[in-house]
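**Student:** Chains A, B and C supply the protein sequences, listed in that same order. Start counting the first sequence at 13; every next residue gets the next number (the working numbering). Start counting the second sequence at 5; every next residue gets the next number (the working numbering). Start counting the third sequence at 6; every next residue gets the next number (the working numbering).
No wet-lab data here; the hints were simulated from the structure. All values reported here derive from a predicted model rather than from experimental measurement. Keep in mind that the hints are not guaranteed to be accurate.
As the list claims (entries may be wrong) - With a straight-line cut-off of 27 Å between C-alpha atoms, the simulated DSSO-like cross-links for lysine-lysine are:
hint	chain 1	residue 1	chain 2	residue 2
1	B	80	B	252
2	C	522	C	118
3	C	594	B	31
4	B	162	B	31
5	C	445	B	109
Stated by the list, open to error - Simulated restraints, written as ranges between beta carbons of each label pair:
hint	chain 1	residue 1	chain 2	residue 2	range
6	C	164	B	200	53 to 59 Å
7	C	556	A	84	43 to 49 Å
8	A	55	C	417	24 to 30 Å
9	B	140	C	294	57 to 63 Å
Unchecked claim - Listed next, the stretches of chain B that the computed footprint assigns to chain C, with coverage defined by at least 3 CB atoms under 8 Å from CB atoms of chain C:
hint	segment
10	43 to 55
11	71 to 85
12	180 to 187
13	197 to 211
14	217 to 228
15	278 to 289
Cβ atoms here follow ideal geometry from the backbone N, Cα and C, with glycine treated the same way.
If you want the building blocks of each chain, they are given just below.
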Amino acid sequence: MSAVATEPLYPPTGEPASVNARRNRLGLWMCIASDITGSVALWISYLYLWSLNVNNGWAPPKNAFAPAWPFWAIFGGALVSTVLIWAAYKRLAAGHRGAFLGLATLGSLLILATFVADIVQLSTFPFGPGDGAYASVTFWMVLVVAFHLSLLSFLTLGITLRTRAGRITPENPSHARFVAMYMTWVTVSILIGAILTTALTTSTGTGGPAFGTFTSQGS
Amino acid sequence: MSETHVTPEVEEPEEPTNRPAPTRRMKEWFSRPYVRPIVIICAVITLAFIPFAWVVLYFMNGSGAPASPTMTEIEKTILVFTIVSGPLMAITLAVLLYSLLARGKGSWGRVHGEEPPMQDSPAIRTNSTAVIAWIAATSVLAAFLVVWGMIELATITKDSYGSIASVQGPNAPKPIDINVTGQQWVWTFQYPDQGNISADTLVVPINTPLYFNVTSVDVVHDFWIVELGVKIDANPGAVTNTGVTPTKLGTFNIRCAELCGLHHAYMETKIQVVTQDQFNNWVREMGGSRTA
Amino acid sequence: MSATLTAAAPPHVPQPKQHGKPGGFLRHTNIFTGLVTGIVLAALTYIIGSHWFVPWGTQNSTYNQVGFQALIMATFIAWVIGFMAGIGAFAGPIRWMLGHDLTHDDAEYMAGKHQGNWRYFKYTTDHKVVGIQYLVMTMVLFAVGGFLAMMIRTQLGVTWTSVFQPNFYNSIIGTHGIVMVIAMIIVVSGPLGNFIVPIMIGARDMAFPRLNALSFWLLFAAVPPLVANLFMGGIRDGWTVYQPLGAQAPIGMIGYQICIITFAFSTGIASVNLITTIVTMRARGMTWSRVPIFAIGILASSIMGLIWFPMFQFSQIFSMSDLALGTSFFLPTRGGSVWLYENIFWLLGHPEVYVIVVPASAALLELMVVYLRKPLFSYKLAIAGFAGVVGISSLVWVHHMYMTGFAPSVGYPFMLSTELISIPFGFIVLVMLGTIWRGKMWTRLPMLAVFALLFDKVVGGITGVYLSDVPVDQYMHGSMFVVAHFHYMLMGAGLFGAMGAIVYWFPKMTGRMFDEKIGQIGFWTAFLAFQVTFMSMFVAGLQGMPRRVMQFDSAFRVSNWISTIGAYCIVIGMLIFLYALVSSWRSGKVAPGNPWGSKSLEWQTSTPVPLDNFPVLPVVTEDLYNYGIPDPYIETEERLAQDDNEGVVV
């Protein structure tokens with residue numbers, strides 16, 4: 013941190029930037045907390061439907077589960093991007109703006125590519141969204157990851173452009189740090205999703221009621 | 005506060021306190037002019053909850069309830085819970101009514117008008133006796149409710165599955181399995197052990213344990229035998245179970261208790277609790293046979 | 006920390022480049038541009054989509070034309086995005102991305118400076134403007150919900166014939182439910198959380214002013230899809246929309262789902278804002294032990310809402326997906342589970358009722374101190390109460406599902422947790438009673454509202470104890486007893502409490518005194534009629550009347566007649582109260598800065614409140630509940646102590 017006579021100020025209110033950064037950090041943690049619950053809703057759905065196997069409707073037709081490698085490729089893309097952005101932030105905080113721009117641009121492009129890959133992943137599915145419970149949940153897990161990745165594409169592009177415009181500086185790098193923090197959470201959520209979708213495929217549930225006029229064909 | 009300088013004769017001096025003995029404080033508190041009226045109102049309302057509990061049951065029993073040991077247990081629970089809730093409502097109403105209506109010596113007073121009051125009230129920030137007593141009382145009450153509830157639940161679960169005394173032993177009637185299917189907007193009952201007969205009203209013999217296997221073919225319904233205190237959701241894609249032993253002859257109501265579409269309000273039928281002979285006749289009429 | 010923010014930017018604060026006039030793009034946006042953009046985008050989506058989607062559509066297992074549902078879904082989403090774009094919500098993120106940061110002048114423009122009343126119709130960031138916007142929106146929602154309630158009670162009272170078609174009746178009850186739930190969630194945190202809390206803690210605005218505007222306008226965008234449902238076949242499945250019944254619904258159901266999804270974002274953003282404001286922006290000297298209890302209550306309910314709302318949101322995302330995209334989260338014929346829906350829904354569904362009751366209770370705790378002129382009885386216990394309620398509320402949701410059969414043995418632990426929550430709940434009751442105890446009461450309407458709230462809360466709490474017991478619930482679940490119970494908690498305690506709170510802060514928010522003569526007539530008419538309506542409903546439930554039914558057994562007729570008569574009287578009372586509210590707002594007596602003689606910070610600033618709230622930010626040096634004279638009975642105690650200790654050998 014260079015020795016400056018006054019620390020940077022937040023223009024709209026005149027408060028020190030560090031005060032504003034503290035608020036933003038708390039706000040970010042609150043957003044992540046909410047995001048966690050949403051992801052948990054998805055994971056609970058996956059686990060519950062997998063365990064129940066209602067009416068033997070968990071697996072897609074012909075047991076055609078999604079291939080595992082795309083999930084891990086996307087996780088890899090997110091992981092590498094996150095590392096790049098953290099490295100970029102660290103370089104920026106140490107005063108090297110140029111290094112930040114290079115690494116952040118790379119990270120931003122990679123996350124954009126990962127987002128595209130996530131959408132393309134939908135085409136690798138040997139089933140459609142209407143093909144049972146596994147198909148439903150997996151389809152939505154991919155969509156939620158896509159949502160996260162599109163948000164990250166925007167955010168990483170944003171911190172790159174802002175640094176070029178001089179709004180993020182070594183004295184005031186907080187926005188870059190926050191984006192890196194959020195990326196870390198998203199990467200964790202992608203990891204958990206990937207573990208579920210690749211490790212828990214065939215269901216152990218017995219599936220369906222034992223008696224009566226209930227039929228397993230659509231009514 | 006005066007302190008007496010006295011050499012203690014015991015090794016450990018008593019905790020230095022200048023508070024008067026608890027009984028003295030209690031008597032002093034009770035002698036305050038506002039305490040007695042509040043305690044009296046409390047006592048009156050608490051006692052009033054006892055007949056009130058019977059009024060509650062009166063409303064429940066309008067159509068023949070209780071008609072099973074399960075329902076009897078449920079009513080017992082409602083009775084007890086109503087009575088033990090009395091003190092909470094009593095203290096609340098007593099304080100509110102006293103504050104609002106009391107006049108004369110000892111009352112807390114009210115101010116009317118446009119301007120803020122000139123004088124403040126006593127600055128009571130806390131009162132450890134009151135707080136501790138309240139926490140203790142509510143905790144004991146909550147514990148009682150939980151323990152009672154858990155014992156009741158275990159009891160009616162046992163009742164539901166026919167293990168109550170009246171149906172034990174070598175001459176005990178055999179339990180009857182009934183498959184209940186809910187669909188928009190009728191209930192269908194199937195008796196697999198009676199030759200798989202199917203009916204849309206439930207006919208059962210008295211004092212016989214009934215096991216229900218309940219499901220739905222479309223949306224969620226809720227199988228509610230009102231006067232027998234039986235209720236379980238009818239879920240599509242799953243079978244849920246419950247049971248009861250009817251102990252009263254008569255005709256009672258079965259209603260659907262989960263919104264299931266257009267004619268949810270009409271998804272009603274009856275349960276007829278009849279004698280064993282009448283039941284056997286009915287089975288024969290329906291074309292079934294008492295298998296095994 | 007710099008403590009002064011005056012109208013002009015301090016000259017030494019370096020400003021970024023001013024892009025265009027102050028306010029930039031937002032100079033050109035307002036509610037009308039939002040409406041136009043939203044409707045145009047929705048219409049375009051419908052037209053273009055109907056050439057693509059509908060021919061692709063296949064029927065799903067519940068006979069719905071999946072493609073058409075998807076088209077309606079896309080249309081509603083386009084409405085929301087279009088409206089938000091038209092009102093200028095995207096200007097902020099785009100400016101951030103490009104590095105065109107706000108200058109001080111931008112921020113002042115966005116806070117509504119020099120725009121008069123027009124600022125209420127724009128994307129204005131000033132928390133006071135947003136508070137008023139929420140107040141008006143809440144009143145509109147209550148009007149809609151109340152009107153629907155009258156239709157319900159009319160049908161239930163007119164037992165000799167059918168006033169409505171069954172499908173329409175089922176739609177009315179569902180829409181009434183969700184409109185009222187939304188209105189109750191926002192009634193205290195919206196107007197009062199936004200307007201009052203920042204001033205109360207000595208801040209100049211909320212932590213994230215632009216999020217302030219965003220949360221309100223997202224709510225605004227969420228309402229038309231919900232109301233539209235009534236014209237699109239309705240939501241015929243109760244406000245809880247259990248699946249798979251919801252999958253049989255006509256396209257109006259998509260409106261409900263989009264409303265909830267959008268509303269969840271709105272609430273989440275508002276919660277982030279409130280939490281960050283209360284945690285980081287308190288005035289100097291306002292340590293945690295001096296924070297007003299109202300702020301604590303808002304903080305507690307915001308934390309709950311923030312964490313659990315995504316559950317509701319996802320339950321509706323999945324339902325909408327089942328309807329429009331052919332998935333089967335909740336359709337058992339293809340692997341879905343009804344219990345999954347119920348669990349995800351109630352994971353929010355329970356904390357939500359505390360999101361409703363906690364702010365109203367906290368507001369009344371706050372104001373009763375002023376009208377009794379004595380400190381809050383055991384402030385620490387009140388905090389413990391809120392903390393306990395918020396903490397345990399996450400652990401009780403299964404008590405809504407005792408009868409589902411999904412896991413019979415979980416009845417035991419959830420009975421335990423539900424009973425446990427009654428203990429911290431009881432702390433709040435004790436604090437209220439203890440504060441009233443020996444207090445010389447100033448009999449103004451906000452103070453008397455405490456009586457209404459307390460009585461209704463205890464009735465609701467006791468009847469809740471019945472329902473929390475699994476055997477009793479075996480009789481009561483799905484009956485009108487449940488309906489009466491939650492109306493006592495949410496309306497009896499929540500709404501009447503909120504009304505009292507709004508009257509309390511009315512002078513600060515509107516600059517006028519509330520006409521209490523007429524207002525009290527309305528309030529107490531409504532209160533007494535409320536008792537008649539819902540006590541009678543308890544009776545109907547005890548007799549065995551299920552809920553959500555239009556026709557019923559003759560045994561329930563009398564209790565329904567009484568409830569309906571009571572309901573009509575509630576409406577009369579509410580209309581009188583509304584009249585008092587509106588006429589006071591327009592032409593009531595001009596209010597002084599501190600009509601109640603309160604020591605709280607929001608009353609130390611002038612009315613109307615200046616743009617930046619305080620000329621100089623306050624510094625708190627003492628507890629804000631420092632009312633009261635020394636207790637005369639303490640002298641008695643001391644005298645007794647003297648008598649006892651004289652001549653005592655220890």
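**Student:** Now, for every hint given, state plainly whether the structure supports it.
**Tutor:** The hints, checked one at a time:
1. Our distance criterion of 27 Å between C-alpha atoms is met by residue 80 of chain B and residue 252 of chain B, whose separation comes to about 17 Å.
2. Distance check on the hinted pair: residue 522 of chain C and residue 118 of chain C sit about 36 Å apart at the alpha-carbon level, beyond 27 Å; violated.
3. Taken as a hint, the residue 594 of chain C and residue 31 of chain B pair is broken in the structure, with Cα atoms around 50 Å apart against an allowance of 27 Å.
4. For a cut-off of 27 Å, the pair hint linking residue 162 of chain B to residue 31 of chain B is broken: about 50 Å separates their Cα positions.
5. Note on residue 445 of chain C and residue 109 of chain B: the hinted pairing holds, with a Cα-Cα distance of about 13 Å set against a maximum of 27 Å.
6. Roughly 40 Å separates the CB atoms of residue 164 of chain C and residue 200 of chain B, a value that falls outside the hinted 53 to 59 Å.
7. With their beta carbons about 58 Å apart, residue 556 of chain C and residue 84 of chain A fall outside the hinted range of 43 to 49 Å.
8. About 26 Å separates the C-beta atoms of residue 55 of chain A and residue 417 of chain C, a value consistent with the hinted range of 24 to 30 Å.
9. For the pair residue 140 of chain B and residue 294 of chain C, the supplied restraint of 57 to 63 Å is violated, since their beta-carbon distance comes to about 25 Å.
10. Counting residues of the segment 43 to 55 of chain B whose CB lies closer than 8 Å to any CB of chain C gives 0, which falls below the minimum of 3, so the coverage claim is violated.
11. Figure legend: the segment 71 to 85 of chain B, annotated as covered by chain C; annotation consistent (7 residues with Cβ-Cβ distances under 8 Å, at least 3 required).
12. Under the rule that three or more residues need a Cβ within less than 8 Å of chain C, the assignment of the segment 180 to 187 of chain B is violated, with 0 such residues.
13. Coverage of the segment 197 to 211 of chain B by chain C is violated. Counting CB-CB distances below 8 Å, 0 residues qualify, and the rule asks for three or more.
14. With a threshold of 8 Å between beta carbons, the proposed coverage of the segment 217 to 228 of chain B by chain C holds, since 6 of its residues qualify and at least three are required.
15. A stretch counts as covered by a chain when three or more of its residues have a beta carbon under 8 Å from one of that chain; for the segment 278 to 289 of chain B and chain C the count is 0, and the coverage is violated.
In summary, the structure is inconsistent with hints 2, 3, 4, 6, 7, 9, 10, 12, 13 and 15 from the numbered list given earlier, while agreeing with the others.
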